[in-house]
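If you're matching them up, the sequences are chains A and B in order.
If you count by our numbering, then the first sequence holds residues 1326 to 1748, one letter each, in order.
If you count by our numbering, then the second sequence holds residues 14 to 182, one letter each, in order.
To be clear, the hints were calculated from the coordinates, so they are not data collected in a lab.
There's no promise every hint is true.
As the list claims (entries may be wrong) - Per label pair, the in silico range of CB-to-CB distance: (1) A:Thr-1534 - B:His-175: 42 to 50 Å; (2) A:Lys-1347 - B:Gly-176: 43 to 51 Å; (3) B:Ala-138 - A:Gly-1569: 41 to 49 Å.
What the hints assert, rightly or not - Covered by chain B, per the in silico footprint, the following chain A stretches (three or more residues, Cβ under 8 Å): (4) 1387 to 1393; (5) 1413 to 1427; (6) 1588 to 1595; (7) 1618 to 1626; (8) 1642 to 1655.
Unchecked claim - Straight-line Cα separation of at most 27 Å, DSS-like style, residue types lysine-lysine; simulated pairs: (9) B:Lys-142 - A:Lys-1479; (10) B:Lys-179 - A:Lys-1385; (11) B:Lys-101 - B:Lys-142.
On a predicted model such as this, the values are computed, not experimentally measured, just so you know.
Note that CB positions come from ideal geometry on N, CA and C, so glycine has one too.
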Amino acid sequence: MYSGEHMGKTISEKIIGEHAGKEVSAGDIVVAGVDVTAVQDGTGPLAVQQLRKINLVEAKNPNRTILFIDHAAPSPNRDLSNAHNILRQFAKDTGVILSEVGEGVCHQRLVESYVKPGDILIGADSHTCTSGALGAFSTGMGSTDVAIGIALGKTWLRVPETFKINVTGKFQKGVYAKDLILHIIGMIGADGATYKALEFSGETIQNMTMSERFTLTNMAVEAGAKTGLVESDEVTRRYLKEMGREDEFRPIIADEDAVYERIIDIDASAIEPVISAPHTVDNVKSIKDLAGTKVDQVFIGTCTNGRLDDLEIAASVLKGKQRHPDTRLIVTPASKQVYIQAMEKGYIQTLVEAGAAVMAPGCGPCVGVHQGILANDEVCIATQNRNFKGRMGNPDSYIYLSSPATAAAAAVAGEIIDPREVL
Amino acid sequence: MKEPINGKAWKFGDDISTDLIAPGRYFHLRTNLPELAKHVLEDADPEFPSNVNPGDFVVAGRNFGLGSSREHAPTIIKLAGVNAVLAKSFARIFYRNAINVGLPVLICDTDKVDEGDELEVDLSAGIIKDITKGIEITFNPLPDVMIRILNDGGLASHIEKHGDFKLED
Ligand code: SF4
């Protein structure tokens, strides 16, 4: 810094700089080391094929390379069973970690067991940005990019500009992190943050649990962002401790004078329960505008909202009640750990008694491959992150996205209602 | 790069997601790309997969390829014989994947192009001619890094050739 002027760094600039071995700023293109690489059963077989094609069947960091069988788990047909075996064989050949059927959704497993503050994670799944809530730089890429990352332990990156999302104030009753992130996406649009990093900060974020923070960073990509990030703090430390890896904690914070492309201030107390209506995530509407919409299927789960607190909220809404006779209810815990804890707390019992079909940990019906494909003209309200036409396996169906409270309330009412009426 | 390429425009709107390009209900075909390619973009235009001709162009609005990271999406567009995708903007992962699999993706103003227009694209000159309309449209050149990867035939070939990333001289 010969100019004598210190340029403050964003979280992305700090982490990428550390991994590139030099100071970097937004806009720079660098080759950077990666700590964790991951693929799933939809993208992994192609990654393996690419590596076999160029004879690079090896992993630079086998202990931090994970192949997840989660999107179609257990397998619904033989093509996918064979695809799964491509991953199993690659794990045998290279010594990388295989996350089997029943262990859970990749992003949930990554935050529970593999990613720590300050890491770079690249994953062949667009919601890889979820891990950013730990103060890691995590981003989704395609099969070939991640394949090369697995083999060489590095990747090329353009250092993103950052939008700082500064959230203050307390949520009203019935409003959750999911409503906040849907509100933000509705505000900036599905391509409003393309190529950017989103840093979530402010007192509301500081007061959030890790689970709530994961809901925010998970959906950063739905605004086009490269990643979502939260500074690591005492909440992060406690979370890592619960996961049995407190020693992996490290504070990762942005400089006070970091340069942001845009600062967006949000008053959390002014947000109402919202829903993304078909067929784009940024088609965000107030619950009032949609109340009365009949619902055929409710799905509670996924990397966005399939964690313990989400199942707790759903169980509290459904306790002692029954699903509406015309409305199916599917619940999928995001991971084995979540599933076990939800059993211990009695949430699973409550949900099953209320009429839920509980699926094995994994993606469930989120990506339209199995476990709840919609019929023509059917309507689903889901706690997932996407409602694109055809997402749940049928282009002639309609998907609404909401918080677990709103979804659970719809399961009882058989139609969209304001969750505040039942909480 | 290569000679100018000619073909017909297939016009699509904004926000064409990877779920529309490579639908999740064909998840099981992901290890059988030629089969998967028979369904490319069918939820956006049912005519497309059976009537697209080698050399045609996909011409779209904003945010083409948003959604999942499935590299199968640009791969099957390429397998269907499409020469290049022209759009006002692309989602980040799709853009990167397209280059990695060797599918040119061009950012330009697509408003004036209509379905069925005859196009000629000169990748190295950065010019698109709409022969039907008699107009020229320019596009932003790709970043240098991406030109290198594209010229090597995609990322896997780039690494095979150089043994590592070789993004500058
Ligand atoms: S739960 Fe849905 S969004 Fe999350 S990784 Fe699985 S398919 Fe993708």
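TODO: Any hints from earlier that this structure breaks? Give me their numbers in increasing order, please.
DONE: The structure conflicts with hints 2, 3, 4, 5, 6, 7, 8, 9, although it agrees with all the remaining ones.
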